[in-house]
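Undergrad: Throw the hints in and build the complete structure from the sequences for me.
Residue strings, one per chain:
There are 2 protein chains.
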Amino acid sequence: AARAEALRVRPQRAAEPMEPGGGKRQSKDYALPNSSWSQGMMDLYSRFLEMCKDGTWKRIPSYSNSVDHIPGKKERKDTRLFPRNMDTEGVGFEYAMFLNPSEKRMVCLFQPGPYLEGPSGFAHGGSTATIIDSTIGSCATFVAGRVMTANLSINYRNPIPLGSVVLVDSKVDQVEGRKVFLSCHVRSIDGQTLHAEATALFIRLDSTKSLQQQMSCQ
Amino acid sequence: AARAEALRVRPQRAAEPMEPGGGKRQSKDYALPNSSWSQGMMDLYSRFLEMCKDGTWKRIPSYSNSVDHIPGKKERKDTRLFPRNMDTEGVGFEYAMFLNPSEKRMVCLFQPGPYLEGPSGFAHGGSTATIIDSTIGSCATFVAGRVMTANLSINYRNPIPLGSVVLVDSKVDQVEGRKVFLSCHVRSIDGQTLHAEATALFIRLDSTKSLQQQMSCQ
Chain A
388 AARAEALRVR PQRAAEPMEP GGGKRQSKDY ALPNSSWSQG MMDLYSRFLE
438 MCKDGTWKRI PSYSNSVDHI PGKKERKDTR LFPRNMDTEG VGFEYAMFLN
488 PSEKRMVCLF QPGPYLEGPS GFAHGGSTAT IIDSTIGSCA TFVAGRVMTA
538 NLSINYRNPI PLGSVVLVDS KVDQVEGRKV FLSCHVRSID GQTLHAEATA
588 LFIRLDSTKS LQQQMSCQ
Chain B
388 AARAEALRVR PQRAAEPMEP GGGKRQSKDY ALPNSSWSQG MMDLYSRFLE
438 MCKDGTWKRI PSYSNSVDHI PGKKERKDTR LFPRNMDTEG VGFEYAMFLN
488 PSEKRMVCLF QPGPYLEGPS GFAHGGSTAT IIDSTIGSCA TFVAGRVMTA
538 NLSINYRNPI PLGSVVLVDS KVDQVEGRKV FLSCHVRSID GQTLHAEATA
588 LFIRLDSTKS LQQQMSCQ
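Just so you know, the protein sequences line up as chains A and B, in that order.
According to the numbering used here, the first sequence is numbered sequentially starting from 388.
According to the numbering used here, the second sequence is numbered sequentially starting from 388.
Certain hints may be false.
Unchecked claim - DSS-like, lysine-lysine: derived pairs with alpha carbons at most 30 angstroms apart: (1) Lys491(A) <-> Lys415(A); (2) Lys415(B) <-> Lys464(A); (3) Lys415(A) <-> Lys464(B); (4) Lys491(A) <-> Lys558(A); (5) Lys445(B) <-> Lys464(B); (6) Lys415(B) <-> Lys464(B).
Keep in mind the hints are simulated off the structure, nothing from the lab.
TA: Structure, rendered in structure tokens:
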């Protein structure tokens with residue numbers, strides 16, 4: 388049932404990415420259920436889909452290449468968006484994000500697979516940082532436009548067991564000129580375990596300047 | 388020549404990991420040159436190997452499973468150490484670490500591949516966090532034994548172009564009881580570009596208690 392729902396409420400993308408020749412290309416949306424998702428992940432996903440019905444929340448699709456997010460941009464075939472760099476379902480980052488525009492909040496349902504191991508049986512601190520950076524970054528992008536991480540500070544409270552499901556809950560706290568301040572909590576499904584908490588500063592980019600120009604003069 | 392050097396000065400591991408049956412298993416050391424390494428990476432690697440000759444620096448091997456680092460532990464076949472989760476050379480994290488024990492310093496030569504993309508053409512902030520966490524964590528482990536990341540704070544100064552080579556230079560600043568404080572800089576080979584700077588707090592683990600017990604009562 389959740390799979391049918393997913394198809395029904397799947398939001399429209401702004402535009403289909405174009406092939407170099409100008410034809411439409413179908414990009415796989417990785418933020419849809421697959422057979423590696425645990426029951427806990429599926430239940431949570433269904434609950435969020437339900438909350439999408441009145442428009443309070445929006446499901447965010449996810450592609451394997453960053454230019455897939457930018458309409459009209461040519462895909463570079465040799466690159467992959469970092470958290471989507473594995474094609475085997477379930478081994479890496481399984482996740483889906485939901486945006487609450489009025490709360491300036493992005494929630495990511497995250498199920499870390501066995502290829503994200505750090506300490507034996509638990510997710511690597513770098514994989515936790517990655518899903519936090521991705522979630523906070525997506526939240527900042529939807530609220531403030533094109534941004535870049537300037538600071539990310541994470542307190543690791545309880546290690547995340549591989550195969551478990553956690554909620555990465557982020558929100559924009561403040562916008563000051565080009566600075567976007569955000570915070571984030573990573574909790575178990577039942578809310579009982581705080582796995583990590585983070586704060587971040589993102590810088591809003593000027594589309595007329597190169598990334599390197601802008602980041603070097605922060 | 389650098390490849391020959393690599394074989395010559397390759398340090399002995401403390402013990403070979405054992406197969407469940409008791410036989411010796413050969414684990415691939417990923418911290419040795421391969422054809423994806425750029426000339427800049429090779430030159431830097433050779434320079435560090437040279438500095439290993441008098442014992443000031445030590446080359447640190449790197450395996451694809453965290454238990455490969457622990458002699459006698461049984462490998463879990465379904466897991467992979469996060470920064471070693473891709474088998475194709477050059478697409479992900481290419482890196483080699485060198486330890487300077489007297490300076491309590493660990494340097495990582497890092498060449499991010501095209502599967503670590505975040506912003507178009509540049510490394511994802513999460514991949515930078517991952518190589519920093521891995522380098523700082525290895526440094527803390529060699530100085531203080533088994534540890535776990537408690538805090539990681541990163542300032543991103545200049546994005547890291549995919550395919551470029553950077554030096555992740557970390558050191559232990561202070562040890563207070565179970566707390567190990569470290570800092571880190573990520574710079575271009577020529578030292579002219581500061582890509583990121585980070586501070587970290589690691590907690591020394593008590594081998595008689597489980598990870599979860601210890602992390603939940605920080």
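Undergrad: Would you mind marking each hint as holding or not holding in the structure?
TA: These are the hints, each one checked on the structure:
{"no.": "1", "hint": "Lys491(A) <-> Lys415(A)", "result": "26 angstroms, holds"}
{"no.": "2", "hint": "Lys415(B) <-> Lys464(A)", "result": "29 angstroms, holds"}
{"no.": "3", "hint": "Lys415(A) <-> Lys464(B)", "result": "29 angstroms, holds"}
{"no.": "4", "hint": "Lys491(A) <-> Lys558(A)", "result": "6 angstroms, holds"}
{"no.": "5", "hint": "Lys445(B) <-> Lys464(B)", "result": "29 angstroms, holds"}
{"no.": "6", "hint": "Lys415(B) <-> Lys464(B)", "result": "14 angstroms, holds"}
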